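Position chain L relative to chain F; hints supplied.
Chains F and L, in that order, give the protein sequences.
If you read the first sequence in the working numbering, its first letter stands for residue 1, the second for the next number, and so on.
If you read the second sequence in the working numbering, its first letter stands for residue 1, the second for the next number, and so on.
These are calculated hints, taken from the structure and not from any lab test.
Please read these numbers as outputs of a predicted model, since none were measured by experiment.
One should not assume that every hint holds.
[Claimed, not checked] Over the 12 Å line for every Cβ pair with chain L, so calculated as not near, a few chain F residues:
1) W25
2) I91
3) I105
4) I266
5) L354
[Claimed, not checked] Pair ranges (Cβ atoms, derived):
6) F:F30 / L:K315: 47 to 57 Å
7) L:K172 / F:E410: 39 to 49 Å
8) L:K315 / F:N414: 42 to 52 Å
9) L:L177 / F:N414: 34 to 44 Å
10) F:N414 / L:G193: 41 to 51 Å
11) F:D220 / L:N138: 30 to 40 Å
12) L:Q187 / F:N295: 20 to 30 Å
13) F:T338 / L:S129: 18 to 28 Å
14) F:N279 / L:L177: 44 to 54 Å
15) L:I136 / F:R240: 52 to 62 Å
16) L:I56 / F:A60: 53 to 63 Å
17) F:R240 / L:V287: 32 to 42 Å
18) L:G52 / F:L176: 51 to 61 Å
All C-beta atoms in this analysis are idealised placements derived from N, C-alpha and C, irrespective of residue type, glycine included.
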Amino acid sequence: MNKFKSILSAIGNWFKKVGIAIGRWCKSLFVSVDGEQPKLKTLYEQERTKSILSSLISIAGGMLVGLIIMLIVGIATGNIEDLFKGFVVLIFGPFFTGSSIQLSIGFNASSIGSMLFRTTPILLTGLSVALAFKTGLFNIGAPGQFLMGTMGSLLVAHSIPTTSGGAFWVWLLALLVGIILGAIWGAIPGLFKALLNINEVIVCIMTNWIAASVVAWVFDANGHLKNVGEGKSGYILPTRVNGVSNPRLGMDVLFKGSWADGGIIIAIVIAIVVYIVLNKTVFGYELRATGSNRNAARYAGMKDKRNIVLSMAIAGGLAACGASLFYLNGNTEFYWATSTSLPSEGFNGIPVALLASNNPIGVIFSAAFMSYLVISGSNLAGVTSYNEHIASLIVAVIIYFAGFSKLIRELLNNSKVKKVTIPTIPQEETSETQPTNVAEDVNSTKEA
Amino acid sequence: MAFLIQKTLLYAIPLLIVALAGVFAERSGIINIALDGIMIFGSFVGAIAVYGMQYIFPRSLGQLVYLIGMAVAALSGAVYSLLLSYSAVKLKADQTIGGTALNMLAPAFVLFLNKILFNQNRLEMPNGSTTSWFMIHNNTGIGIVDGFFDKVYISTYIIIALFAVLSVILYKTKFGLRLRACGEHPQAADSLGINVYKMRYAGTTISGALAGLGGYVYVATTSAGSVEGTVAGMGFLALAIMIFGNWKPGGIVLGSLLFGLLKCISASYSTLDINGDGIYWLKEIGVSRYLYQLLPYLITLVVLALTCKKSRAPKAEGIPYDKGLR
Chain F
1 MNKFKSILSA IGNWFKKVGI AIGRWCKSLF VSVDGEQPKL KTLYEQERTK
51 SILSSLISIA GGMLVGLIIM LIVGIATGNI EDLFKGFVVL IFGPFFTGSS
101 IQLSIGFNAS SIGSMLFRTT PILLTGLSVA LAFKTGLFNI GAPGQFLMGT
151 MGSLLVAHSI PTTSGGAFWV WLLALLVGII LGAIWGAIPG LFKALLNINE
201 VIVCIMTNWI AASVVAWVFD ANGHLKNVGE GKSGYILPTR VNGVSNPRLG
251 MDVLFKGSWA DGGIIIAIVI AIVVYIVLNK TVFGYELRAT GSNRNAARYA
301 GMKDKRNIVL SMAIAGGLAA CGASLFYLNG NTEFYWATST SLPSEGFNGI
351 PVALLASNNP IGVIFSAAFM SYLVISGSNL AGVTSYNEHI ASLIVAVIIY
401 FAGFSKLIRE LLNNSKVKKV TIPTIPQEET SETQPTNVAE DVNSTKEA
Chain L
1 MAFLIQKTLL YAIPLLIVAL AGVFAERSGI INIALDGIMI FGSFVGAIAV
51 YGMQYIFPRS LGQLVYLIGM AVAALSGAVY SLLLSYSAVK LKADQTIGGT
101 ALNMLAPAFV LFLNKILFNQ NRLEMPNGST TSWFMIHNNT GIGIVDGFFD
151 KVYISTYIII ALFAVLSVIL YKTKFGLRLR ACGEHPQAAD SLGINVYKMR
201 YAGTTISGAL AGLGGYVYVA TTSAGSVEGT VAGMGFLALA IMIFGNWKPG
251 GIVLGSLLFG LLKCISASYS TLDINGDGIY WLKEIGVSRY LYQLLPYLIT
301 LVVLALTCKK SRAPKAEGIP YDKGLR
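One chain only, chain F, in its complex shape (with noise of 0.2 Å):
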């Protein structure tokens, strides 16, 4: 009986312990003790937290005028009822389960397969288009690039035959040839940059351009790639015609009704390897250097050149990448009649990048937040009488407000600087009027 006692103290003992510990911590997160500040302050003045920070408030705004804009066209067009069922589908996005008729919430498989299916190719182009800023310039020739690797792989996808087995070989050929294309596609603005010394922008811009001609070209001369069938017309034959697939790594079992592969884990094994590479290894650091400042890069001994066509050439594999696991899942068709139009898979990785502040591990978090949106559009075009454009048009808002993340850092800051100095402004001193009267005397000899 005493031992019983005793054992139920020592518990008793230990739940107290442990209490007063986490106690301890939650009062730390808020008051200083140990003369430390509070832990809440110090993550807060963290540059990592202000970038989360102000993304968050990008989110926040663009969501705001999203839901403004429908509460407008709700008003206008006397359609309440569906405000309010637009407004939860908006927000619930690929966690919404319910129908036209009912509103309801919960996990959803198939959309949320969907969302992580979606979310493989603005990963990889928003991965790319975060490593080109993070060495100093501005990829925004992300579609061209992901128009090669589609072209790339679409082509080695169905021009080796499978029926002898093998198809996984084909896959990762595809796969690679996807990547070099993009590369290379890449290192042209690259090249441009680092020889000619020619804007980047421009360059992406005219590649683009040239990429979709080029790529319907290609498309078009080749005849047996076209699928024909059910009236289609100016689609491409998906790969599973020929076996070639990703692998579905038990996504398919998971999320089950949905077009989910393995393709998302393989493209988030990338980021981090990105992630590992910029920030961890010497040729990161060489990368980031020339990006911050070409000249002192070479003054340090560093190829300049060489790092520029290079982080291109990367970035344009990411793009490719992205293009090929997405075309290569097995189930998707590539409209190719597009000469005039670009992926906007591409432009995608544009406020993907922005919404991370160009961490390759945010991006995961900022991917996965887009193609939630794009799910979220698509929901209320089914359910409600708002359509599918509502949540680009989000997205597009809060790209024009990450534009001002700087700003917003710089808010965040100031407002930490006037708490700080408030009270260290020092009181005693009341005469403070001496060295302005000692600037009175300069002033008075000099006109003396």
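Only chain L this time, still in chain F's reference frame:
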């Protein structure tokens, strides 16, 4: 011959004015990558105006409807560009990012409203076709004369006149000199009492108005009045022409005529009978139309590579002006 000139002008005229729009923004020091978005926005608002007016005015007043549409489009383009100049001038945000945002916002906005207002992705400017409403016919039978005066739109002449006037303003007036100074050396301009912020606002707003107008003209004439949230990359092509033309009106005229010709060939190379002898030799050469489509961009790249030493981009473009750094 007449057909070739008509078609070339059809593409060249919007390119001409939008490329000049780019010049006005960049010469004042603001990179206007948003030309495409502003074109889309302007064309949409102008089209809505025309759509509404077709029920008020009879078809005989088509030219008036067209002119009002032009004015509305220019105005809306100017207003839309304020989003760019506000972020770039006042908030000193990155101009390429702001421009990209505007480029993405415009098609989303247009498609969203098209769906809400008309329950479809495509809006037809007037019911029927733009040609029956707005096209001017003066068939004389002389090839070259017909090329310029038959099957044309009034906007062609207005834009040519506008282009001339604005080029003179840019080079021969005090305002133009000041505007260009702000793009070259804003610190020096400021030290002489020029308000750099105001000049940059002015440059971008003029640019927005011209791009909006260009977008409207493109949609009304070249793409026969259908608005579906795209101008097929014409804004980016205009950007290319601006660079091709070395940020100067003369070069822009040359560039837009050349690129207009290439666009015309790529659009209708198989039915193009240049000297009227019944032989479609462009078709007989057998070069793919995709080649003509990508040629303008390829030529721009080559020209850029060859003239990069002589290329005179405004020195201070893209750099937010900060008074504190003077």
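A quick look at each hint next to the structure:
no., hint, verdict
1, W25, "holds (39 Å)"
2, I91, "holds (18 Å)"
3, I105, "holds (25 Å)"
4, I266, "holds (27 Å)"
5, L354, "violated (6 Å)"
6, F:F30 / L:K315: 47 to 57 Å, "holds (51 Å)"
7, L:K172 / F:E410: 39 to 49 Å, "holds (42 Å)"
8, L:K315 / F:N414: 42 to 52 Å, "violated (32 Å)"
9, L:L177 / F:N414: 34 to 44 Å, "holds (38 Å)"
10, F:N414 / L:G193: 41 to 51 Å, "violated (31 Å)"
11, F:D220 / L:N138: 30 to 40 Å, "holds (39 Å)"
12, L:Q187 / F:N295: 20 to 30 Å, "holds (22 Å)"
13, F:T338 / L:S129: 18 to 28 Å, "holds (25 Å)"
14, F:N279 / L:L177: 44 to 54 Å, "holds (48 Å)"
15, L:I136 / F:R240: 52 to 62 Å, "holds (55 Å)"
16, L:I56 / F:A60: 53 to 63 Å, "violated (43 Å)"
17, F:R240 / L:V287: 32 to 42 Å, "holds (35 Å)"
18, L:G52 / F:L176: 51 to 61 Å, "holds (55 Å)"
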